[in-house]
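Trainee: In this note's numbering, the protein residues as written are 1 to 295.
These are computed hints drawn from the structure, not numbers from a lab. It cannot be assumed that every hint is accurate.
Under the rule of at most 25 Å between Cα atoms (straight-line distance), these lysine to any residue pairs were calculated in the SDA-like manner [what the hints assert, rightly or not]:
hint	residue 1	residue 2
1	Lys200	Pro52
2	Lys200	Leu275
3	Lys262	Asp82
4	Lys262	Gly225
5	Lys262	Leu242
6	Lys200	Lys262
7	Lys262	Ile42
8	Lys200	Met30
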Amino acid sequence: MSSPVFRFAPSPNGALHLGHAYSALLNHAMARAADGRFLLRIEDIDTARCTPQFEEAIHRDLAWLGLAWEEPVRRQSEHFDDYAQALERLVEAGMVYPSFLSRSEARAYIADAQADGAPWPRDPDGVPHFPPVDRMRPESERRRRMAEGEPYAWRLDMAAATAHVGGPLFWDEDGSGPQGEAGRVPARPQEWGDVVIARKETPASYHLSVVVDDALQGITHVVRGRDLFHATAVHRLLQELLGLPVPLYHHHALILDEEGRKLSKSRGDTGIAALREAGATPRDIARMVGLETRP
Numbered sequence: 001m002s003s004p005v006f007r008f009a010p011s012p013n014g015a016l017h018l019g020h021a022y023s024a025l026l027n028h029a030m031a032r033a034a035d036g037r038f039l040l041r042i043e044d045i046d047t048a049r050c051t052p053q054f055e056e057a058i059h060r061d062l063a064w065l066g067l068a069w070e071e072p073v074r075r076q077s078e079h080f081d082d083y084a085q086a087l088e089r090l091v092e093a094g095m096v097y098p099s100f101l102s103r104s105e106a107r108a109y110i111a112d113a114q115a116d117g118a119p120w121p122r123d124p125d126g127v128p129h130f131p132p133v134d135r136m137r138p139e140s141e142r143r144r145r146m147a148e149g150e151p152y153a154w155r156l157d158m159a160a161a162t163a164h165v166g167g168p169l170f171w172d173e174d175g176s177g178p179q180g181e182a183g184r185v186p187a188r189p190q191e192w193g194d195v196v197i198a199r200k201e202t203p204a205s206y207h208l209s210v211v212v213d214d215a216l217q218g219i220t221h222v223v224r225g226r227d228l229f230h231a232t233a234v235h236r237l238l239q240e241l242l243g244l245p246v247p248l249y250h251h252h253a254l255i256l257d258e259e260g261r262k263l264s265k266s267r268g269d270t271g272i273a274a275l276r277e278a279g280a281t282p283r284d285i286a287r288m289v290g291l292e293t294r295p
């Protein structure tokens with residue numbers, strides 16, 4: 001029987017903060033407790049925002065925390081062909097379509113629709129579902145606009161994809177969701193609408209790249225924050241469409257700031273390196289995230 005495989009997969013687009021420390025330490029501890037493997041994956045598919053400097057800082061921070069991982073480290077920017085192959089399978093199966101509508105055009109469409117008083121559907125993150133304009137375009141128009149070099153994104157045709165899968169989807173959760181969900185959790189990908197799967201210049205969105213990476217790396221246990229709990233429904237759908245294995249999921253509590261908000265790189269929340277330079281020890285970090293008691 002093969003060993004359990006865990007992973008920590010940060011994006012090198014900012015400094016790691018306490019929330020990252022908790023997730024990395026928890027993955028590492030669970031891997032050791034299960035006599036399993038611990039992998040580090042660098043999710044740098046967004047080459048415009050990710051930098052080698054932040055990647056180097058990730059390695060320094062994790063090593064300082066006392067974590068050890070297997071080499072070589074998988075870097076998404078080195079595996080675009082893997083995502084392109086998965087995308088091509090979805091294209092050939094008719095599960096995705098090219099979307100040309102800009103953000104401003106989408107907002108205008110939704111505003112017009114809501115002017116009649118009817119509520120517009122929103123995804124679990126509160127973002128309005130994408131309008132159906134591009135899904136209904138004739139194939140001849142799609143091909144013409146693509147040939148003319150218009151920018152576009154590949155979107156999952158949620159209705160076609162869920163119909164193709166047929167029956168209900170589930171995942172096994174041994175952590176818990178925002179409302180305490182655990183055990184065998186029903187996946188409802190339709191709540192997300194037609195999500196982006198890839199863009200013209202980028203071969204995969206987070207949704208596609210994460211399921212491809214987890215499958216290729218043999219990940220058996222996905223341990224990540226509860227902010228990604230509902231996104232697992234999209235991942236389960238993609239796993240079914242692509243015939244990929246399904247890991248066990250564990251969504252853990254988030255580390256929040258004094259105002260109850262999730263820590264964020266974009267807001268410049270205190271990073272691990274800054275805490276280290278201020279005199280904190282790895283043990284201090286573990287204590288700060290409440291690793292011993294946090295579920």
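Trainee: Next step is simple, just say for each hint if it's right about the structure.
Mentor: The hints, checked one at a time:
1. Taken as a hint, the Lys200 and Pro52 pair is honoured in the structure, with Cα atoms around 24 Å apart against an allowance of 25 Å.
2. Distance hint between Lys200 and Leu275 is unfulfilled; the C-alpha atoms sit about 40 Å from each other, more than 25 Å.
3. Of the pairs offered as hints, the one joining Lys262 and Asp82 is violated, with about 32 Å between alpha carbons and a cut-off of 25 Å exceeded.
4. A threshold of 25 Å between alpha carbons decides the hint, and for Lys262 with Gly225 the separation of about 10 Å falls inside it, so the pair holds.
5. A hinted pair counts as satisfied when its Cα atoms are at most 25 Å apart, and Lys262 with Leu242 does not qualify at roughly 32 Å.
6. The hinted pair formed by Lys200 and Lys262 fails the criterion: a straight-line CA distance of about 31 Å is larger than 25 Å.
7. A threshold of 25 Å between alpha carbons decides the hint, and for Lys262 with Ile42 the separation of about 21 Å falls inside it, so the pair holds.
8. Of the pairs offered as hints, the one joining Lys200 and Met30 is violated, with about 38 Å between alpha carbons and a cut-off of 25 Å exceeded.
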